[in-house]
Each structure stands twice: as structure tokens, then as C-alpha cells.
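Using the sequences and the hints, build the whole thing.
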Amino acid sequence: MCSLEKQKNIFILRRTGHGEHRFNPEFMDSIISAIAYVNQNAHQASAIIVTNDGKYFSNGLDLEWMSHDKEIRTQAVGDKFVELLAAVMSLKLPSIAAVCGHACAAGFIFALAHDYRFMRNDRGFLYMSEVDVGMTIPPSVMSVISSKVDSRHLTEVMLGGLKYGAQEALRKGLVDSSHESPDETLGAAINVAVEFGKRKCKGEVYLGLRLGAFPEAAEKLGIRSVSVLPSRL
Amino acid sequence: MCSLEKRGNVYILTFVGDGEHRFNPTTFDAISDALKEVEESADAAALVTTNAGKYFSCGLDMKWVGESPHDRFDIGMEKLENMFAAFMKLSIPTVAAICGHAEASAFTLALAHDYRFMSTQGSSHLYMCELDHGFNIPKSMLTLIRSKLHPATLRDVVLGGTKLNAQMAFQKGIVDAAFDDSVGTLQAAVKEAEKLAVRGWNREIYRSFRLAAFPDVVEELDIHVPYRMLASYNF
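So the protein sequences, as listed, match chains A and B. Residue numbers for the first sequence follow my numbering, beginning at 1 and rising by one. Residue numbers for the second sequence follow my numbering, beginning at 234 and rising by one.
Rather than coming from a laboratory, the hints here were simulated on the basis of the structure. Keep in mind that the hints are not guaranteed to be accurate.
What the hints assert, rightly or not - SDA-like, lysine to any residue: derived pairs with alpha carbons at most 20 angstroms apart:
#, chain 1, residue 1, chain 2, residue 2
1, A, K202, B, G367
2, B, K396, A, K8
3, A, K8, A, G203
Here you go:
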């Protein structure tokens, strides 16, 4: 499922195993619990890195699981995915997605919910597959995409059904840097996280600024906004 | 303090005096009076805002706030919002010639302008210092900042607390051009302002276009300007 470890006061949340890491309620709950633990201990850490084993960051929602009881399970997965996105956007420290494999549909959106995205460029792509698969995206989930994707590229990302390798993703501003291998990707994320740690910024302030910077996403995901009084003059 | 100069149809507003040109009631009033003079001038066609010395401005005067924090912080915020609104409501194109450090609400003020030119001299930087100092940014300011920056740049500026020199600011699309020194920056800004002035745009239309382009900012800054469509058109 997923493992949470701490390295040099950086949390690393890893989706383990070599499967597609597709999102079903149980899997998403395990990530949400890990995030809750990280939030409680955010003051002891400088950042969280979310990464994966194997070939897939996440291939999206668990359509197979949903197919067994279509209507009820689709609703359950949809609701839980919004909860997952809200959890990521409510992290009290900088979040980095170290994308070491394919990130498709919900997997791509999950990556977008993070503050930073680093990606391996030797294999794997970002792919908003909904247009090809015939799935719609509700406003709550859409707000994450439109917050993070430059409006110049939004049409292409949403309607183009393109598969972006790391170089192309970098060019379009979908990721912040690309690296030769999963180890290098994670290493770069760790280096950046260490730099964040030197700033010693308060978690409540950081969260308030993130929600202030992306208020539509905060509102549509049902995150209560945090107002912080100045801590010193 | 600030000085106001007129060259042809272009007004140049300069933050002068020693130090960081921070905003307090005296500066707010001086800027407000200057903007009123510009707006009421019949042949004004563009405004350049710039600075003397090493600082564009470092934002709100926290020493002034500190003398009576319980009310002055709110008063300061309100005066900042009024100042942003005044610049957004100007009926002429605005160019910021950033020739020194611009931090926090002063960085935001530069963003409230239509165009931004920046000087490399003295390693001038743009810096949203709130994250490092443990402050939140009021919704009004964030709305203005969000309206002018791409998502990744917004994140770098607000969540990353990055200090951006002129080259970085240009690469990230925060400023329209970067120049080697302050003299060159101001010259280029004035030249741009003159180019815009020559277009002879209807001022009411220009203002209503700017406000229509940034409706979230209009709402957050409570800007009320009567909107008349096609003021200069005769069918």
C-alpha cells in the first residue's frame, strides 16, 4: 500500500509495490492517514516527498474495483478522491511529488495538487486521459487542475489527450524539473526539501499562504481557510 | 515621500528620500495626492512609477505599525488597499520602472501596474517576504498578485519566498523587460509610456477594460466605477 519514512527530517511517503497504484477508497484512506500523521508532526519536518515504486506514480482511479458495483462505488471513489486532494492541499509543509512513473488521470491530478513536481525523464508520462476514456471531471477536482496548469496550456492538457514526457512536461510548466532516474529524482527532491528546512517557516503560515494563493481550489475542495495574525512586527 | 514630474503627456511619479521608501500615512497621502493630480490632468496619457536610490520600496512601514500595532496594522492594510485601488482605477496606462528592491506590498504595487521594467543594477530584487517573516498575506493583496502571475510563478513567489533579480523576473514573466542599470530602465519605461500615450486611447474605456480584465481584484478592492459601454463610438 504505502509506507511513510523520515529521512533528514523530511517525510517520504512512498506508494509501494510494482502495481499501478490506482486509487480505491482503501488505498486513498491509507494515504490520507499518512498525511494526517505528517500534519501532526509538521513542526519537526521541512517537507514531504510523495513518490512511488515501480513503473506507475498512479494510473488513476481503480476502475476495476468500481465496476463491481458501479453506481455506489463510483460515488465512493469520487468523494474519497476529493478528500485526498483536500488532504494534500492542507499539508502544513511544502509538498513535492517525485513522479517516478506514469501519472494518468487522477494520478496526474494527484501530482498537480502538490506544491512542486519533479519527474524522471527516462520513462513514464503525464497523461490526462479522461477525454480519451470518456470520463468527466467534477468542478471540485477541476479546480486543482486550473490552479496549477498555466491557462496557455489548459486547453491542450484537458482536451488534447497528450502524453507528456518529462521534457515536454517541463516545457509546459507541468513539472518543475526532470532527472535521469528515480534515484536522481528523489535525490533532487531531498536536496530541495533540505533547503526548505533552512527557511524555518511556520506550518500554519505556509498553509495559509497556499490556501490564499489557490482560493478556488480551497473552496471547491471544502477546505476551511486559515487566517493567521502576524506573528511579529 | 514622492515627487511628480510631467514630460509631455507622461507623468513620472518617483519615490524619493533616503532609505527604504516604506509606506506610512505621510507617503500614502503624498501618493494619493499625486495620483489625483494625474487623473485630473486633461492631457495626461501615461504614468511611470519609479524610485531614486537603492529601494523601490520595502512595503509597509512596520516601525510606524509597531508604535500602535492593535489599530495601525489594520489601518495600514486599508490604506494599502486604497492605494492599490487608486492605481488600478487610473484611466491611463501605467508602467513601473523598478530601479531598486521591491518587497511585500511594494512588489504588489508594481504588479498593480500594466507594465513592469526592471533594473539589474545593485542586484535589485522582487521579494514577497511574508513567508519568511511569518505573516499571512491579506486576501486583497493575494487576489492582485494572483491576477498577474502564472501558477508556477505564483507558487515560487508566495510559497517559495524567492528573491528574484531582474533576469529571473523576466524569465518568469513577472516583468516585461530587464535592463543593466536604473538610468536605462527609466529611459525605457518613459519611452514605452510615450509609445502608449501616442495611441490616444479614450481614458474611460482604458480604465473599464483594465477593471473588466481583473474582476476579482475589482471585487476584493471594492472598486466602484460607473461602466459605460462604447463611450467613444458613434454608430
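Broken hints, numbered, in rising order?
Structure breaks hint 2 only.
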